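S.K.: Sequence:
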Amino acid sequence: MTAVAIIGAGYAGLACAVELARQDVEVTVFERSRTLGGRARIIRKDGWTVDNGQHLMIGAYAELTRLLRLTGVSPRQIKHFPLTLHIPGQLHLQAAALPAPLHLFTGLICARGLSWRERFAICALLRHLKRRRFQLPAEMTVTELLTGCHQPPRLRNLLWEPLCLAALNTHAHEASAQIFANVLRDTLAATSASASELLIPRVDLSELFPVPAARYLATRNGNILTGNAITAITPDNAGFRLVGAPGHRIWPQVVIATAPHHAVPLLDSTGACPQLSAQIAALPSEPITTIYLAFGSGVALPAPMIGLAEKPAQWAFDRGQCGEPEGLIAAVISAPRLEPKDRDALIPTVINQLESALGRKLPEPQWTRVITEKRATIACRPGLARPNIATPLPGLWLAGDYIESEYPATLESAVRAGVRCAREIMGGKPHREVSETS
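Here this note's numbering is used: position 21 in the sequence shown is 34, and no number is missing along the way.
Think of the hints as simulated: they come from the structure by calculation, not from any bench.
Since the structure is predicted, the reported quantities are computational estimates derived from the model, not experimental observations.
Any given hint could turn out to be false.
Straight line, CA to CA, 27 Å or less: simulated DSSO-like cross-link-like pairs of lysine-lysine [to be verified]: (1) 374 / 143; (2) 58 / 92; (3) 92 / 143; (4) 387 / 324.
Throw the hints in and build the complete structure from the sequences for me.
M.R.: Below, the structure is given as structure tokens:
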């Protein structure tokens, strides 16, 4: 089997590398950073180690959980919670410990904070999607779906729109109803109750998969070169030369597994992918801001993840309930619409949000950190043309959460793209050449 070079040691690149190494393919991963994980990585500051944002994981993430098992990640590293939507003082909905669909039906019956009209509206929306086999018009937005299914305004504000932001990182009036329907199909409407479980890692996102993946590769003659930036790809009759790689090796197979804005200059450097490069460059993106607040002992949320009814943060995570220091809270603003003056006031504003939600005065935080990933995900809009893993150059592939998928830009999407690349390479099938004019 031919050797494969992978550019990028995020979840997509490492998923591709692990799947190839499992079949004894020689793999070398090049990573410009010293830290593994790509945009799902750790950040160290002032003696604290935190994730570069909160990546929500659910039981439906079958490919990611498979790779975690394959690379030897202990099940104890992930804490499983039943589907729970808790907004203090306004809503508490928790799936029951029953088979699907009774787990959700019972949870709705027992939910606090919902009128019977709102409960029936939730069921009506899910019935509507099931009747349509979860197939919706490509141009439909989530807001149009909610309006068409007569969802009450309070239910939209309290449940559907926050869920849309959490899953798609795109505001409901701009978000793809089809992608949102796919998420609901594989969680709330899944045939297994475990598919809707919330999975919260007890370790940081670099330690969860990238580090075990690196160990797995090391036992199978795989190689990861950190601090090694690839600046260009030069096609050769026998494959590709990587500018920035040590030596003068020609690689017959190369996978670009970087963020889309890093993939564009690499594709441009080949001189053979102008339309594909332009397509990726045109993908709209959305930021995510995470505000870390270390309050110390005595501060805890009523659930590992709670919704916040006021602005700007939509969700808060209690990292202390998952093995991290007690009182460490991460508040998340998905797709923030923030002016510069708003960013300056984020910390006191979010503290006020938490105090309002918890009904108590919080101590002065011992440590704070605001992390904004400006291009955290692509904007999951209706009819968005996401690229495939194939490129016009045989032997050159793409992997990442922005690749064509039925899911939004998530860890699962990234992993699936990496695995697809690996299986295409291993399959020995003729590369489906993509015409630049198609």
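S.K.: None of the hints should be skipped; say for each whether it holds.
M.R.: Structure-based check of each hint:
1. 374 / 143: 45 Å, violated
2. 58 / 92: 26 Å, holds
3. 92 / 143: 30 Å, violated
4. 387 / 324: With a Cα-Cα distance of about 19 Å, the restraint between residue 387 and residue 324 holds, given a limit of 27 Å.
The structure shown violates the earlier hints numbered 1 and 3.
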